[in-house]
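Trainee: Protein chains in written order, with my numbering: chain A, 12 to 249; chain B, 81 to 366.
Hints are computed from structural coordinates only; laboratory data are not their basis.
Virtual Cβ for every residue (Gly too), placed ideally from N, Cα, C.
A couple of the hints might just be wrong.
The list that follows gives simulated cross-link-like pairs (lysine to any residue, SDA-like), each with its CA atoms no further than 25 Å apart [to be verified]:
(1) B:256 to A:82
(2) A:109 to B:239
(3) A:90 to B:253
Under 10 Å between C-beta atoms, here's a sample of chain A residues computed to sit facing chain B [unchecked claim]:
(4) 89
(5) 90
(6) 94
(7) 96
(8) 101
(9) 102
(10) 103
(11) 106
(12) 114
(13) 117
(14) 134
(15) 136
(16) 162
(17) 196
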Amino acid sequence: MSDPVLEVSELAIAYGANLAVKGVSVTVSENEILGIVGPNGAGKTTLLESIAGLHPLRQGSIRFRGNRIDHFSVHKRRKLGIVLIPQEENIFPGMMVKENLEMGAVLMPARERETQMDYVYELFPTLKERSRQIANTLSGGERRMLAVGVGIVANAQLFLIDEPSVGLAPKLVTNLLERLRQLKEDTKRPIALCEQNIKVLNVADRILGMEAGESKFCESLDVVDKGKVKELYLGLHA
Amino acid sequence: MILNGFINGIIMAGIVALPVLGIAVIYGMTGVINFAIGGIGVFSAFTTWYLLPYNTVLAVVVGLAVGFALGYSIQALLLTPLSARRGGDLNLFFLITNNIGLIFVGLTRVIFPRPIIGIPLPRLGTINIFSVQTSGLKFLALFIAIGSLLLLRAVERYTRVGKSWRATSQNLRLAKIVGINTSRAFNVASGIGCMLAAFGAIIWGSLYNLTLTTGFDLTFLGYIIAVVGGIGNILGGMSASLIIGLVLSFSAYLVSGSWQSVILYGIAMITLIVAPRGILGSERSV
Ligand SMILES: Nc1ncnc2c1ncn2[C@@H]1O[C@H](COP(=O)(O)OP(=O)(O)O)[C@@H](O)[C@H]1O
Ligand SMILES: [Mg+2]
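Excised from the complex, chain A in its bound form:
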C-alpha cells in the first residue's frame, strides 16, 4: 500500500485540565475506510475535530501527505482538502438543500462545484428531489444525508465523518454506510469514520478501538476480533 495520506502520532488533546485524547497514533491511506469505535466519551469526536484543526494540540503531530499541518488553521486545512462532517449541528437549518451544498463547496471554483453537486445528487437522489426545501424541514434521515452531502460536495482529499448513523432507523443506517463505501470506491479517498453501530464492520477496512482517550487496538478487519469489538465498544448500539 502507498504512503498514508494522514499520519497522526502521539496525539494528545485536552479541554482545560482534562485530557480527552491521550497519545493516539493512527494512519489512514488512499482507498481505505478507517472505522473508529469506542463508547461515548472515548475521545472519537475530539480526535476527528483536532485533525480538522478545531483544537490546539497538547502533544504529538499530524502529518498530511508527509507535511506537518498541526499549526494550520481550520480554513487552511479545508483548503488542503481535509473535510470534517461533524456529528451535530452539521447543516445550515434555514437554508435550502441546494444552498447548503453550495456552502459546502464555497471554496471551489464554480464549474467544479456543479460537478460535485451532481455527484452528491447521484449518491443521494432524495436530496435532488428536495433541492429547494429548507433544511430544517427535512426528516431526520434526509438531514443526515444532507450533512454528509455538505462534506462530500467539497471534493475532499480526506474525509473525517463523525457518527453519521446515530439515531437513524436500521434500514437507513445500512443505506447510509453503503453510500460511504460507494464514496470510497468512486473517489479512492481515505475516510476516517467514527461509529457506534456494529454495521461499521461491514464497510471499514481497519478498525481503531478507543476507550477513555486511549487507542486500545488498531487492526485490519480480517484480523480484528469482532466479538471483542461488539462487546466492548459497540455493546449499547449492537
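The hints should help you fit chain B with the ligands onto chain A, whose structure is shown.
Mentor: Chain B with the ligands only, in chain A's frame:
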C-alpha cells in the same frame, strides 16, 4: 390634519428605520446589540457636513464610507478579539459598545469646529400628496430605507457572499468548518450596520438639526424600535418603525410634542412586559 400626521409619520418611520436596520443586521450576524452605531453615525454625518462645501455627492459618499470603515474596524480590532476571550458576555458588550459611542461623540466635539449643525442637502423640489406639501428630500429618506432593505434581502438571497453571511449567522461553527471567512462576515455586517446609521444621521441632519446628542437619540430610537419589532427581525423592525413613526407624528398633533419620549418609552416598556420577543418575535436571521 390626519393626512398630514399620516404622511409625516411615514417619513419619520423612514428615517428611524435606517438605524433599526443597522442594529438588526449587526445583531443578526454577531449576536451583539451595538449601542455605538448612533455615535458613529453622527461622527460620519459631521464628516459629510465638513466636506459639503466641496461637493455634495462626494461628501455623502465619504460620510457613508467613514461609517462603514469605523464599523468594520471596531469589529475586527476590538469586538471580535474580545468575544474570543470573554465569550458572549452581553453586559460587557453593552458597556463596551456604549463606551465606543461616547468616544465618538467626544471625538466629534474635538475634531469638528461646531457642536450643532444642519446638513443643507438639496430639497429636491416639493411634492404634493393629497394637498399635503412635503420636500422631495423627505421622500428620498423613505425610499432609501426601503431600498436598503430590499437590496440587503436580494444580496442575501441571490449572491454567494450574501449566502455565506446567512450561513454564518445560522451556524457559525459549520461556517468556519466549510471554509467561510466568518470574521470578515462579522466585520462587513458591522460596517453595513454603522453605514446605515450614518445614512440615518445624514438625513436627520438635513431635515432637523444634528447635535452631539443626536447619536443617543438614533441609538435608543433604533434600539427601542428593534425591541418592539423583535430584535434581529428585520420585517418586525420595519413594521415597528412604521408604528412608532405614526405614533410620534400623531402624538405631536394630538397631545404635544413634549410627550413624545414618554409615549415612545412607554410603548417600549409595555412591549417588553407583554411581548418580550417583540411583536413579530425575535430571531437571528440577517
Ligand atoms: N467542549 C468540551 N469541553 C470539555 N470537555 C469536553 C468537550 N468536548 C468533549 N469533552 C470531553 O472529552 C471527552 C471525549 O469526548 P468526545 O471526543 O466527544 O468523545 P466521543 O466522541 O468518543 O463520544 C469526554 O470526556 C468529554 O466529556
Ligand atoms: Mg462523539
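Trainee: If you take the shortest Cβ to Cβ gap from residue 101 of chain A to chain B, is it below 10 Å?
Mentor: It holds, given that the least Cβ distance between residue 101 of chain A and chain B is near 6 Å, below 10 Å.
Trainee: Can the restraint linking residue 256 of chain B and residue 82 of chain A be considered satisfied, given a maximum Cα separation of 25 Å?
Mentor: 16 Å, holds
Trainee: Under the criterion of a CB-CB separation shorter than 10 Å, is residue 117 of chain A in contact with chain B as hinted?
Mentor: 6 Å, holds
Trainee: Below or equal to 25 Å on CA atoms is what counts here, so check residue 109 of chain A against residue 239 of chain B.
Mentor: 14 Å, holds
Trainee: Does residue 196 of chain A meet its interface restraint, that is, does its C-beta lie within less than 10 Å of any C-beta in chain B?
Mentor: It is violated, given that the least Cβ distance between residue 196 of chain A and chain B is near 25 Å, above 10 Å.
Trainee: Under 10 Å, Cβ to Cβ, is where residue 89 of chain A needs to be relative to chain B, so tell me if that hint holds or is violated.
Mentor: Holds: closest Cβ of chain B sits about 4 Å from residue 89 of chain A, inside 10 Å.
Trainee: Can you verify the interface hint for residue 162 of chain A: is its Cβ closer than 10 Å to any Cβ in chain B?
Mentor: 9 Å, holds
Trainee: Residue 134 of chain A was flagged as interface toward chain B. Is the shortest Cβ-Cβ separation under 10 Å?
Mentor: Since the shortest Cβ distance to chain B is 18 Å, the answer is violated.
Trainee: Checking hints one by one. Is residue 94 of chain A an interface residue toward chain B, by the C-beta closer than 10 Å rule?
Mentor: Hint holds; residue 94 of chain A Cβ to chain B Cβ min 8 Å, cut 10 Å.
Trainee: Would the hint on residue 114 of chain A be counted as holding, given a Cβ-Cβ threshold of 10 Å to chain B?
Mentor: 5 Å, holds
Trainee: Given residue 106 of chain A as an interface hint, is its Cβ closer than 10 Å to any Cβ of chain B?
Mentor: The hint holds - residue 106 of chain A has a Cβ within 10 Å of chain B, the shortest such distance being about 6 Å.
Trainee: Does the interface hint hold: is residue 136 of chain A within less than 10 Å of chain B, judged Cβ to Cβ?
Mentor: 23 Å, violated
Hint compliance for this structure: hints 14, 15 and 17 are not met, and every other hint is.
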